[in-house]
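Chain by chain, the residues:
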Amino acid sequence: MNPPEAPLLAVRNLHTRFHTLDGVVNAVDGVDFEVYPGETLGLVGESGCGKSVTAFSILQLLRCPPAEIQGQVEFEGVDLLGLDKEAVRRIRGGGISMIFQEPMTSLNPVLKIGEQIAEGVRVHKKMTHRQSRRWAVEMLRMVRISSPGSRARQYPHKFSGGMRQRAMIAMALSCRPRLILADEPTTALDVTIQAQVMELMQELKKEFNTAIVLITHDLGVIAEMASRVVVMYAGKIVEEAPVREIFKDPRHPYTRGLLGSIPVIGRKAETGRRLQEIPGVVPSPMEAPPGCRFHPRCSEALALCSTQPPPVIRLTDNRCVRCWLEAGDNEKKTSDFV
Amino acid sequence: MTDASTESPRMTQPAATASRFRRQWAKLKRNKAALVGGVLILVFVLTALLAPVLYRGNPSAPNLMKSLEPPSLENPLGTDELGRSILGRIIYGARVSLLIAVGVIAVGIILGIPLGLISGYYGGKVDFIIQRITDAMLAFPGFLLALALVAVLGIGLKNTMISIGISMVPIYIRLVRGCVLSVREEIYVEAARAVGTRDAVILIRHILPNVMVPITVQTTLGMGTAILFAAGLGFLGIGVQPPTPEWGAMLGSARNYLFHAPHVATFPGIAIFLAVLSFNLFGDGLRDALDPRFKL
Chain A
1 MNPPEAPLLA VRNLHTRFHT LDGVVNAVDG VDFEVYPGET LGLVGESGCG
51 KSVTAFSILQ LLRCPPAEIQ GQVEFEGVDL LGLDKEAVRR IRGGGISMIF
101 QEPMTSLNPV LKIGEQIAEG VRVHKKMTHR QSRRWAVEML RMVRISSPGS
151 RARQYPHKFS GGMRQRAMIA MALSCRPRLI LADEPTTALD VTIQAQVMEL
201 MQELKKEFNT AIVLITHDLG VIAEMASRVV VMYAGKIVEE APVREIFKDP
251 RHPYTRGLLG SIPVIGRKAE TGRRLQEIPG VVPSPMEAPP GCRFHPRCSE
301 ALALCSTQPP PVIRLTDNRC VRCWLEAGDN EKKTSDFV
Chain B
1 MTDASTESPR MTQPAATASR FRRQWAKLKR NKAALVGGVL ILVFVLTALL
51 APVLYRGNPS APNLMKSLEP PSLENPLGTD ELGRSILGRI IYGARVSLLI
101 AVGVIAVGII LGIPLGLISG YYGGKVDFII QRITDAMLAF PGFLLALALV
151 AVLGIGLKNT MISIGISMVP IYIRLVRGCV LSVREEIYVE AARAVGTRDA
201 VILIRHILPN VMVPITVQTT LGMGTAILFA AGLGFLGIGV QPPTPEWGAM
251 LGSARNYLFH APHVATFPGI AIFLAVLSFN LFGDGLRDAL DPRFKL
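Residue numbers (our numbering), protein chains in the order written: chain A, 1 to 338; chain B, 1 to 296.
No lab work stands behind these hints: they were computed from the structure.
Treat the hints loosely; a few may be bogus.
Covered stretches of chain B (chain A as the covering partner; in silico rule of three or more C-beta atoms under 8 Å from a C-beta of chain A) [unchecked claim]: (1) 187-198; (2) 202-211.
Here are the simulated distance ranges between beta carbons [said to hold, decoys possible]: (3) B:F140 <-> A:G23: 39 to 47 Å; (4) B:K125 <-> A:T128: 31 to 39 Å; (5) A:T128 <-> B:I204: 14 to 22 Å.
Model, not experiment: these values are computed from the prediction.
Beta carbons: idealized from backbone N, C-alpha and C, even for Gly.
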């Protein structure tokens, strides 16, 4: 399924630690994934499992110290973590840009919308003030904001939440980046606006062949948008699969839990089944349990799970899972069931 | 200030900003003390600007025949020991005081704001070094610091401005740094960084405007302090030098005649008192009006 071309972004063994007064927090603990040109990769997990920190680490937007980022982040073959600050700054916005979770607070209240969009363009495209302002108006038109000319001269408080998120998208797309990191772009919006923003992102993605890393805990959004999914739990990737397969046949108990906890309208009435939940919460990264980090919450945990961290099991070309259930007696299982 | 109902019938775009400004202005107007302060500042500034119109003589030319005269029709506030009109010297003294206040604030802002921005935004070692220097400067009372700086730089108008200005720098650094610490965590600053904006641009375009309100208030209050410090240095004879009319120096030379010609000390004293009071009242009112936490 994956195109044979070289990945646009390859994250290899990414570790992000925070040195705090209470100790070292391993927020991202050895994450590997790839993003290919033009695809949408979903990055899923509960709150606090390291999704956002992964995105911030890629663009090095974390304050170091207290943060410490290790590993490799190869963008178009260049390791971003090895670049100097100036080179990273040129990548931000120009090659990779980011859409934030909170449209209400991610625009500066004292700067006109048009100015905020124009700023990024001026940085990367060497435009004059006048050109960049005209460009900003064009970008607003592109994200379907009506009368973009006068809207560009307004301050953010005149914009509704959905419009602000569109303005953020305009800002993120203004320099035609090859990759967008979308950190819960629709979480703060109401459902109808969510659908509009999703649709807009899909269209723009097609138009400019931009790859998207979509970070969310909303599996509905993933089903709509993503082609591949990476599931994270407590700083580690636990499952990676094409989107169809993950919905049809989730292999990791955590993924099954996530899918089981989506309410389906009418299901209870039909089957009498209660909505499932995953008991407990994501462990604090400072007191990660030994062995598999999910085992205290896992209903299928083996004795082995509490002592040995599970290996990554490659199931097919484009699927892998980090779980003991798939390992060891893997052959037996597959021969039994297939 | 126009009536609130004169707003255009259609809610056009500048309405929100305009109405916020209007609300703040209304709040300021309702504060009687601030209003008095504002009027006094206006009088002070106009006096300084129109000094040659208000007093047609030379305030520095001595006339020993008329020394230490009490208030009369010819000299409404009397004369000093060299027979110079006290009214004239107070009017021209307003110029000197205003000049000093503006100069001091300029020094404070030019050094204090950039250092505060850098200290707050970058943190780490830079912040540590700037903050320890600030600590050291704040350990001295402001006036003592200005006094010590005059001892190093020498006396005179320019050095008075520079030394008082430097004594204000740590106050600006602290103020700006504190604001930057909270603003730099805002997501829009993160968002600006995520599109590759340079640090200098982020500091000036994204962070500085969000710090302007406290700076404005501090500047107003600081003008009062600057006038008081300048008068203090003048009084001690190490500020602005005679024959330039300066309120503090007038007070200083008048103390020798305090018992048989009290008016010579009284009127410059009142001038200093009113000037400082006006800036303090107005500054306090401005703070209440601009701070969104104080809702009337």
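Consistency of the hints with the structure:
1. 187-198: holds (count 12)
2. 202-211: The restraint on the segment 202-211 of chain B holds, since 4 of its residues have a Cβ under 8 Å from chain A and three suffice.
3. B:F140 <-> A:G23: 39 to 47 Å: holds, 40 Å
4. B:K125 <-> A:T128: 31 to 39 Å: 38 Å Cβ-Cβ, so the 31 to 39 Å window holds.
5. A:T128 <-> B:I204: 14 to 22 Å: The hint (14 to 22 Å, Cβ to Cβ) holds, given that A:T128 and B:I204 are roughly 19 Å apart.
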